[in-house]
Amino acid sequence: MRESFRRLLAEKCAETDIRRVMASPGGHDADLWQAMANLGIVSLLVPEEFDGIGAGAVEMEEIMEEAGAALLAGPLLPSAFIAASLVSLSDDADAKARLLPAIASGQTIATVAFTGDTGTWSLTDISVTARPQGNVWVLEGEASFLLSANLADVLLVFARTPDGVGCFEVDPSKVQISPLVSWDPSLRMSKIALSETQAVRIAGVDSITFEQLIEIAVVALAGEQAGACRRIFDITVEYLKTRVQFGRPIGGFQAIKHMAADLLIEVESATSAARSAALALATDAPDKDVLISLAAFACADAFSQVAAASIQMHGGIAFTWEHPAHLYLRRARADAQLFGQSDAYRERFVAAMEKAA
Amino acid sequence: MRESFRRLLAEKCAETDIRRVMASPGGHDADLWQAMANLGIVSLLVPEEFDGIGAGAVEMEEIMEEAGAALLAGPLLPSAFIAASLVSLSDDADAKARLLPAIASGQTIATVAFTGDTGTWSLTDISVTARPQGNVWVLEGEASFLLSANLADVLLVFARTPDGVGCFEVDPSKVQISPLVSWDPSLRMSKIALSETQAVRIAGVDSITFEQLIEIAVVALAGEQAGACRRIFDITVEYLKTRVQFGRPIGGFQAIKHMAADLLIEVESATSAARSAALALATDAPDKDVLISLAAFACADAFSQVAAASIQMHGGIAFTWEHPAHLYLRRARADAQLFGQSDAYRERFVAAMEKAA
Amino acid sequence: MMNDAKTLGDEVRVWLAEHWDAESRRAKSGGSLAEWMDQVVAAGWAVPSWPAEWWGRGLDKKSVSLIVNEFRKVGAPGAGQDRTNITANSVMQFGNDALKQKIIPEFLTGRASQCLLYSEPGAGSDLAAVRTRADLQGDHYLVTGQKVWTSGAQNADYGLLIARTDWDVPKHEGLSFFIIEMRQPGIEVRPINQITGDSHFNEVFLDGAVVPVENRVGDEGQGWKVMQTALAVERLVMGDGAGERRQGSSKNNVVSLIDIARETGKINDPVARQEIAQAMAYRKLNALNMLRAKQEMAQGSASPIMSLGKLAMSRILHEDARIMTKLMGAASMLDGPEHSLAADVNYRTANAYMTSIGGGTDQIQRNIIGERVLGLPRETEADRNVPFRESRAVTG
Amino acid sequence: MMNDAKTLGDEVRVWLAEHWDAESRRAKSGGSLAEWMDQVVAAGWAVPSWPAEWWGRGLDKKSVSLIVNEFRKVGAPGAGQDRTNITANSVMQFGNDALKQKIIPEFLTGRASQCLLYSEPGAGSDLAAVRTRADLQGDHYLVTGQKVWTSGAQNADYGLLIARTDWDVPKHEGLSFFIIEMRQPGIEVRPINQITGDSHFNEVFLDGAVVPVENRVGDEGQGWKVMQTALAVERLVMGDGAGERRQGSSKNNVVSLIDIARETGKINDPVARQEIAQAMAYRKLNALNMLRAKQEMAQGSASPIMSLGKLAMSRILHEDARIMTKLMGAASMLDGPEHSLAADVNYRTANAYMTSIGGGTDQIQRNIIGERVLGLPRETEADRNVPFRESRAVTG
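Chains as they are written, first to last, in my numbering: chain H, 1 to 357; chain G, 1 to 357; chain D, 1 to 396; chain B, 1 to 396.
Worth flagging that the hints you see were computed from the coordinates, not collected in a lab.
Below, computed lysine-lysine pairings styled on DSBU-like, alpha-carbon distance capped at 30 Å:
(1) H:K355 x D:K266
(2) G:K355 x B:K266
(3) H:K288 x B:K294
(4) B:K73 x B:K294
(5) D:K28 x D:K73
(6) H:K288 x B:K266
(7) D:K225 x G:K241
(8) H:K241 x B:K294
(9) G:K174 x G:K96
For clarity, every value in this text was computed on a predicted model and none was experimentally measured.
All chains should be built: construct the whole structure from the sequences, respecting the hints.
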C-alpha cells in the first residue's frame, strides 16, 4: 500500500498540485482524496467490521512518511487517522456504526476539537463545557486549532462534563467556525465557538481516551515530520551535486558537505524515532511513553532544523517563493506546534525515563 | 604597566614555568610574585594612602587579561584583587592600616571565604555563623572553594551574625584547612572548618559589601577568561597555518577555517564583555548589573567553548599531556564555576534587562 | 592645519547660513532637492576631495569629515559624496572624461538613480562567474544575459553592469564594467517573489540591450577591479549597520524578547528565560563589539572586529526568530493582520535569510574572516586559471 | 542449503559437545586457551570460509554465521576469525605462502599479538602521508621513522607496519605493508601521556629496525590497499560499538544523567531537565539508529546509517560530559579519589576527544559521510598527483 500511495502522490501531489491546492479556498483536493479512499488509505485505521483495513500505528506512520514527503494537504490526518481513532477507541457501538464506515469511505470528513486557545493539547487546556439537558447535552465555550474543520461534516468536541472529560458529536452547521489564517498555506485551521449548542455524547470517551488519542496524533505527525525531513534533505543533497560555484559543485565544499553530514544524523534519527514510537504504540510496549515523547520532540526538531538549513544551503534561489524549500519550512514550523511543543515533550521524556530508571 | 606585566610573564611565566609551578606543592612562584609586587601589580587596587597604586576595575581587568593568557597561578586574584578590595570596601580604618600595606607589598597573602559547599557564591550559601563573646567573636561552621588558602597569612571569612552578614579576620593557624584537589592543576583550593574559632570583626562589611565584592571578583575573572580565551585561540590559529595535511595547511580546509571564524566572534565578544563590565563597574554606570552579569556568563562560556574546540582543531597532538591546550581547558572549566555559574548569571542578566525595559 | 580646518569650518558655516534654512530644513532659495544639490555641487561641498576641475576642492579626508559634520549639524544633505556615492566614485576613478561629464552631475545631484547588475543565477557566491555577455559592435556593446537580486530596478535610470567581454581568459580577467541606461527595449525587469511575501528585488533580463562604448568604466577586462572598488564604497556606506539596516525592513523593528515573553505569559518560565538571556546576549555582545571596533578605528587602527558584524547578526536574527516562535507556542502557526505578533515573527523567520544569504552567505563570510582577518590559507579555486569558456560555469 | 545448514549446525553442536564443557566454559581436554584454539583451528571452525588447505572448510558466509552462533551459545571462543582477525586476514589475502604458514597459526591460536604501526606525527588525518622509510637491503628492509597512537605496543609480538618504499611516486603509491617483529633492538616504545591521565597509547621509534622481505604483505607499492583492507576488517569488528567501547574505557561506564541530577539535587530544575532530555535523546536516537541499521543489514541491504554511529557518539560523549559538569556545579572543579563523581566527569570531559579525534576526527568522519554515503564530490587533494618527495608533507 505504501508503494501505491507513493506512486499516487508522485502523480497527483507534485509541487504544482500542492501549490494549486494551497491556493484553493478549501485546501483540499477532492479527486486525490477519492483516489486515496480507493487505495484504502482513508480507511486504514478503521476496523474491518466497519469497512476499514484494520491496520495500526505502524502502517499509519509509514503512510504519514509518504504524505509528509509530498507535503500532502487536507483531512487525512484529522479525519482518517485522528477522528477515526477516536471513534474506534470509544465504547459507543452506535457512533461506530454511524460514523466509521462513512469516514472510511472518505464520504464523511470528521475532525476533533481537542485544544483551546493556549494550544497545548493537554487536558487542562479543554475549555468547552457540557451539561446534560433532558436527552441531549448542551455545549458552551471555544476550541481552537481544529484541522480541516472547513471541510468537516462532523465535529468531535472534547468538553468538561459534570463527570469528567467527555467527547461530543456536533453538527458543524450549529457552530460558529472561524478560519485561522496560517503561515503554512497548506494548513486549514479553524477556531469554533459553541453557544447553547446541542450535541450527542459519545459513550466511553474519557481522559484516558484523550491521552491515547494524543499518542496516535503524535505518532502520525512524527511520521509526517520524518518523511518531510528526509524529502527536503534529499532535494537539497541533489542540488549540492549540481549547483556549481567556483568551478565545482557546492557539495564539494567542506562547509556544505559537513552540514549535510550532520543533518543526515537528524534525518535518520527522525525516521528511527517515528518508526520505533509507532511500533511501541502498536504493541503497547513498556517503553511506549519514552519512545512516543522522544519521537514528538526529536521529529519536530529534526524537521525544523533540516528545513531551515536547506534554505541556507540552497542560497538565494530558496529565498524565492517559487522554490519549494520554504514550503517545507512552513510545514515544519506548523508541525512543531501541533499536539504539543518540544519543551513539553522533553519534560515528559525525562519523566518517563525517571520512571524507568 | 600592562606592557611591563606582559613582558614579565613572557619571561617568567612561560609554559615550562607554569608546569613547574603546577607540580609544586604550593602552586605558587614566590620569585614571580615578588617581581609582580615590584611592578605594582600586587598593589594595583590598594589606595595610595595605603601604599598602593589606587587603580580601579578597568586596570584590574587589563592585568587579568594578561594573567589569564599566561595561565598565571597563585594569589593575584584572591589576595591582591579580591581580599584587598574587601578591606578597602570596609569602614574599618584599623583593618585597612594593618592589612592593606602588607597585602600591597605582597608580604601578606590574604584570601576570602565567601561560599559554602554548594559553591554558588550567594548570600544564602554562607554557612559560617558568628556570635559575639566579650570583645571578640567566635566562628563556627565551614566554607569551601577558598583560593590560595594554602599560602594565606590572613583569612577573611564571611559569616552570619545576629545582625546580618559580616566579615571576620581569622588567623589561618586556628582553622582546619583541608586541600581540595582540583582538575585544574594550577588551582590550589581549600575547604576550611571553624570550631570555636576566635576572630576579629571587620567593621562596615555587610551584605551589600558582599555583592560589591562578587562584582569585582566576576569582572576580574572575566578578564582572565577573555585573555586566556584569546591566547589559546591564537595558539590554535598559528597551528592551523603550519600543520600540513593532504598537502596544505589545515587552516585552508573550510571545516577548520569556519570553526575559527565562529570562534573569533566568541573571542572578541569575551573581550568586549569583560572590558565593558570593568568600565561599568569603575564608573558605577546605570547598566552595571546588565554588563557584569553578561560578562560573567559570556566570558565563561566563550573560554569553555574556545578551549574545548582548540583541542579538537589541533587533533591528536592536543590529546597529549605535553601539549598546552588541555591546560586551558582545565582552567576554563574551573573558571566557569568560580563566583557563580552561567545559568545563574543568565537569570540575573534577564532580570536586569527586565528592569531596564 | 588646525588653522586651515578652522577657516574651512567657518567657510562652511557661513555658506550654509547663507544658503540653508536650518529651521525648515530647506534651501533658502526654495526649489527642488536637486536644485539645492546643484548649489552644493557648485560650491564644491559634494566631493571636496576631488580636484577643482571636477566639482571638488582638492581637500584631504579630515577636511571632508569636517564639512560633512557641519552639514549634518544643520540637517543639510549632499556633502561628502566622495565617500558615499557609488556610481560617481566608480566613474570618477575609472571612467573617461566624456562619461564623467555626462554621468557624475546627474548622480551628485540625485537626478539619476542606479541599480546594481552584478549577481546572476549562476554567479551567486561566485560573483565572478558572470555569463552575461557584452559584445562590441562598432561604437556600442550589445548586452545579453540575466541578472538577479537587483533592488530598485524598476525606478533606476542606470544600471551598474558587470558583463563578460572575453571568454577565453580566466573568469576574473574577461569582465568589463558598464553604466547602462535602464529604460530601453532590450531590458525587462521582473519582480522576485520572496519567501517573506515581499518583492524588494528583481530579475533583470537583458536581450540585445545597448550600451555605448564610452559608458564602459575602465578598460575591457578591468571589470572585476572596478566592481571591487564599487563594493568597497558600498561596504563603507553600510558599515556595521548592515545587519540592522536589513533587519530594519522587518515590519516591526523593535525587538524585545522580554515584551513578547510578557505578552505570551512566559516571562517567569525559567527555561524560556535562559533562552531569552542567550539571545539578548548575542545582540548585546555584537553591539559591544561594534562599539569597540569604532573606538579602535577612531584611534586610527583598522579593526578586524568590524568584519564580524554581519555573521554575528545572522545568528542574532535567526535566534531571535526561533525563540520568539517558542515563546508564542501554537499561536506562531497563525498569520495575517489579525495575528500581528505571529505575522511579525513569521516575517522575521523568513527575513533572517536576507542576512545569512544576501550580500554574501554566512559561509562566504566565514571564508572572508578566516582568510582576511585570521590569515588562514585561501580556498583553492578550481577554475581560477582556466579560460572561462572551458570552466564548469559554462560546461556544467 | 537449509538442509546443509542444518547438517552443519548438527556437526558443530556435536563437535562442541565432545570438546567443550559449557558449564565450566573450558575445553574438556583441559590445557591453555591456545591449546583449545589449536583444536578449533584443526577442526576448521576458526576460518570456515577459507580453503581446506589453509585451515578452512570452504564454506559460505551464512555457514560461518551459523558456526559462530553455535560457539556463542556455549561460550566457546575462536570461531569465525575469517571475519575478525585483522592480521590473519591481511596475510591470508595478500601475503606469500611462507608468511602465511609462519604467521597465521600464531594469530589464529592467539599465541601472538599485534599492534598497528599506521599513524605518524605528520600523518594524522592524512594517513597516507607516511614518512617512515623501509629501504631494501638484500633480503631485508631497514625501517626508520616514528609511529604514534599505537596501543598495546609494549606487549605486541608483531607490528602491522605501513612504510614508504618509494619516494618518487604520489603518496598513496609508494607505500608497502609489513609484519615486523616488535622485540628487536631497532624499536623503542614510549608511552604517551594522555590528557585523561591514562597512557593507553605509545610512540614507537624505529631506527634501523629489520624486517625480512618475506614479511612484506603484498607487493611493494600495494601498502595503501593492504592497509585499507585491514582497516575495513577493524571497522567491521568495531561496528556500532565503536563509540561505546571506547567510552568503555571511562572509569564508570554506566551513564545516568538522571542519577547525577538526583545526586546533585537538580532533578527538579526545569532548565536542567531540558538539557538532560536532549542529551539522553541523542543517546537513545543513536541506539535506535543502530538497531535499525542492524535490521536493514540483516535483511541484506547495506545500511548507510551504520557509518553515522561514530560521529553521533562523539556528540553524545561531549554533551554528556558538558551536562554532567553543569549538574555538578562548583564540585566539578574537584578531582581525585575523594571526589569520585567529579573525577568521573572530568575523565569523561577529556576522554570524549578519544572518540571525536581518535580513529578519524569528526571532521574526517563528516567528509566520509558526505562523500561515501551522500555521494557528494570528493575533496580535492593538493598532493594527490605529486611525487611524495616534492609534496608539502616533506618540503613543509
